[in-house]
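Kindly produce the complete structure, drawing on both the sequences and the hints.
Protein sequence lines correspond, in order, to chains Y and Z. With positions in the first sequence counted from 1, the corresponding number in our numbering is that position plus 403. With positions in the second sequence counted from 1, the corresponding number in our numbering is that position plus 630.
Hints in this document: simulated from the structure, not taken from any laboratory. Backbone N, C-alpha and C define an ideal beta-carbon position, used for all residues, glycine too.
Short derived list, chain Z residues pointing at chain Y, Cβ under 10 Å:
(1) T731
(2) V739
(3) D752
(4) V877
(5) F882
The chain contents come next:
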Amino acid sequence: MAEVHHHHVHNQDPEAGAEQRKAIWKTFWILLIITSLEFLIAFTVPHGILKITIFIVMTIVKAFYIVGEFMHLKHETKTLIWSILVPVIFVAWLILALMLEGNAIFEAIFG
Amino acid sequence: MAAHVTTPGAVEPKMWLGGIEPMKASYGKLMMWFFLISDTFTFSALLVAYGTARFSFPAFTGKHEDFTFSNMYWPVPERVYEAVPFLHGVSLPLVFVGIMTFILIASSVTMVLAVEAGHRMDRANVEKYMLWTILGGFTFLGCQAWEWSHFIHGTDAGTVMKVIENGTWVEKTIFGANLTENQYGPPAFADFFFFITGFHGTHVFSGVILNILIFFRAATGFYDKRGSYEMVEKVGLYWHFVDLVWVFVFTFFYLV
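The following block contains the structure:
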């Protein structure tokens, strides 16, 4: 338990990490603005493919900022980044396979 | 590697042969990441199952303002989630869930500020930001409890629906929802609401417990003695993941 990894400089100086804190608040404002825009779009853009596409793109942008900045993945080694991102390909396949399946069920019952 | 002095019998350090951290992350942090990947699969399975069920039901095709609850088609979510505490009977679509989203994002910010303070061994700020994060977590859970309660009890008028009871079609007024009856739409819609938001809420709850533990250990000087605040970072990863999942639940359950 005593084995500790010091990747960061320990510093009692309150000015230390000011850069990081700035980046954190910047990320917060980006997330807040995107969420507010989602609300605006929810009540102004008519229902359809365009609206869904905008929502999905915005969700992925938000996910990028949360994972990249808050979870710090953007600043990790390439190996770690790919170890986390590559398995998500399976999720993409699951989405595609089950969307087609759902459509087939719909056609079988109501088509 | 030229500067490396090799003693007879010693093995030259290689990237993947041990003794080196190829990902420059500690064991605990890596395992948290891989746990979160497995959790991603669980939540993806739930959300994709929701998508499948939605695609296999008819969608509401009429004009938006003509929408009424019926078990013949999938409901428009913003017409289901339009209640706000203390504003009984006022239609405010998605406002309450918007507040919940804001609370979770804000608590994610205070969490990452606690992690940053931990890097500087700044105990007072770790304590302060952990307390804010815990408060955010409890507030979110409180909001969710209210939302569930409202969803279960339903609207004042209820919905008149034709349902099969003991093998025959009967017409009756249904108030709210449970796992077999649902005034807002097909019963599957309520089932997915309970399972997905419930599973996420359970994650928030365990996150709050972990955050309290981290706060307690920071406040009692445990991490100062250990010489590292890395535990704050590991639990921080979990807390951000819970926020990340909510971003997806918010889009696919409430917006789309």
